[in-house]
Amino acid sequence: LDELYRRVFLPLVRRATWNHGLSKEDARDVVQEAFLLAVVKLDPGRNPKAWLVHVVDNLSINLARKASRHHRLEARWGLGWRDSSCSQSTAASVTDDEGEDG
Amino acid sequence: VSEGTIDLRSLLSRWLEITAGGEIPTGLARQEAVQHAQRLCQGILHGGAWESSSTDDDSKDVLYALVETIEQTAARDPTSVVRIADAAYRAIESTDWSADIFAEKAGLLSRCARAGWKARGHSLEDVAEFRKARNALSPFDARLSSEWTDSQSAFDETGEELEELCRRWELDGGNRNLSAAVACLFSCTQSSAPRVLFWASRIHEHLLASGRRIGVFDEHDYLTGVVACAASDAARYLGEFEASLGWIARATDAFSRTQTPGILLLKTACQRLVVELSEKRLHDVLAQAPAIIRRCDELALKRDALKARIAEAAALKDSGQYREAEPRLAEIVRQGEFTAQPALSLMAIATYGEVLSALCKYTEADALFTEASSRADAKRWPALCAHLQGLLGESHRDRGRMERAIGHYRAAAEIYERAGMHSFAAYTRILLAEALLLHSCPADAEREILSAMPVIEAKNLRQEGIAALALLRESRRRRQTVRDALKKLQEHLRRRI
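Order-wise, the sequence lines are chains A and B.
For what it's worth, our numbering labels the leading residue of the first sequence as 1, then goes sequentially.
For what it's worth, our numbering labels the leading residue of the second sequence as 1, then goes sequentially.
Just so you know, these hints were derived from the structure itself, not from any lab.
Remember, predicted model here, so these are calculated numbers, not experimental data.
Idealized CB from N, CA, C, for every residue including glycine.
Worth double-checking, as some hints may not be accurate.
Which stretches of chain B does chain A cover? Using the computed rule of at least three CB atoms under 8 Å from a CB of chain A, they are [what the hints assert, rightly or not]:
| # | region |
| --- | --- |
| 1 | 13–27 |
| 2 | 58–69 |
Simulated restraints on C-beta separations [unchecked claim]:
| # | chain 1 | residue 1 | chain 2 | residue 2 | range |
| --- | --- | --- | --- | --- | --- |
| 3 | A | 21 | B | 319 | 58 to 64 Å |
| 4 | B | 331 | A | 21 | 53 to 59 Å |
| 5 | B | 298 | A | 66 | 38 to 44 Å |
| 6 | B | 79 | A | 25 | 33 to 39 Å |
| 7 | B | 56 | A | 21 | 22 to 28 Å |
| 8 | A | 44 | B | 249 | 36 to 42 Å |
| 9 | A | 76 | B | 298 | 48 to 54 Å |
| 10 | A | 40 | B | 261 | 34 to 40 Å |
| 11 | A | 43 | B | 331 | 43 to 49 Å |
| 12 | B | 96 | A | 68 | 36 to 42 Å |
| 13 | A | 76 | B | 261 | 46 to 52 Å |
Model the full structure from these sequences, guided by the hints.
Below is the structure:
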């Protein structure tokens, strides 16, 4: 598990942080969510590395997009627009196009 | 990750169980990494050296933040960004990023180089285009690095200028002289192969040993590869095929570390094809050529595609498949790239002539050889000129015109000698000796064989040496032609040389 942490978890967290502009906390959540999806949906016929990268990228893009929408709404309407179902909706949208790179 | 999906799934499952609800460390916080990177940038701008090359997980975050800072600075301050990007490039390059499953190191290097080149007004595609066009002159784009002189001037191609430039470089160690010397290496590979090999080896050694990197970003590796390519060409012209392949391996090693490995490795693959052809590894050439040609066409590497096509056709010819070689060469000659690629085009004509000659179309073959000879510049391409003379000799010999054959062979041997290509000269002298014996001049034939012997021995062609000595004894004893034995020797030497 230590190897998994150093070789897979942390690089994917860095990817989500520095390639997609997420905070470390959001990046961690994205990678955890990608792992969860992998346990359920990862197809043995696919390249797991490419699959994980693809899912992390999609989850990060969706989260960044959602955050940007929140900022716009908050700027316009003030506080109170926090969406607590962010993770679930993001996961749902990822499952539609995951693993295209295979 | 890549070893087994099922194992990975069970591992991830365990991971999720253990980490559920707990805190997982994620390395340096974003803001902290950015602050550290900004301090590093300021340090570099004020002349500071890179502090550390450790690659713990916090340092990796700082490297990411640094690259992000460089990319953001590029638009605001293009002049300082090259310095910072280059320092970052070298720092990342020197880190030991073990078990880099997601190719993070390569990704960061690429982003650094792109940001730096962009600040100079170039894209990575511009750099690739420039390197694609590498042929005789400037090995790199002077615009990319202010250190380099613009090496587009023409060189004398005799090797004298190369000698002068290299000696100047040895005296002052400056990059300007080095740049000019490297550019000059390519202009006299044929005319001064021994000098080119000597200086290319010295420069290569210097580049590997030098603590100081040359150029920016991947230019040091690019230059190292280019010099190794020059050495490989020179070694091939000297008949040292194993050494030539060794240099290609060194070029491949250096090019694989650049930001444009695709085109550069393809170019070295073409170069390797030509050496394998010279070594008569015809099966290897025929097996690899189609894929190399296809890829060269896809990447618009015209010169290299032409080179690979000629090598493939020549391999077909050397393996006796004249009917297959003929239409390919006819097409290459018909498309004629005389202006853009004069030496390669003449080589294509010569090879076409050989095929026609083998198909007993002597008149057409002679016309091609004569045309090629009239176009070939003996000063620039002595190897090509000597080759053409040898082909004319062979054509006349096959038709029993020994006097003419002897003249051409003699001319070929002399050109090879003058260019320092002693292996080829020795080989040609054996052919000349054969023609002389057939022309009932055994004493002259013996002289030629004896003059070839030192080279045959020096190049470790022992069997050929023993055979040649036996022939000489026989020739002296009988003072008459030993046709079969000479033919056998000729074939044997052809295979070895």
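A quick look at each hint next to the structure:
no. : hint                      : verdict
1   : 13–27                     : holds (count 9)
2   : 58–69                     : holds (count 6)
3   : A:21 to B:319: 58 to 64 Å : 59 Å, holds
4   : B:331 to A:21: 53 to 59 Å : 54 Å, holds
5   : B:298 to A:66: 38 to 44 Å : 41 Å, holds
6   : B:79 to A:25: 33 to 39 Å  : 37 Å, holds
7   : B:56 to A:21: 22 to 28 Å  : 23 Å, holds
8   : A:44 to B:249: 36 to 42 Å : 38 Å, holds
9   : A:76 to B:298: 48 to 54 Å : 51 Å, holds
10  : A:40 to B:261: 34 to 40 Å : 38 Å, holds
11  : A:43 to B:331: 43 to 49 Å : 47 Å, holds
12  : B:96 to A:68: 36 to 42 Å  : 38 Å, holds
13  : A:76 to B:261: 46 to 52 Å : 49 Å, holds
In this structure, every one of the numbered hints holds.
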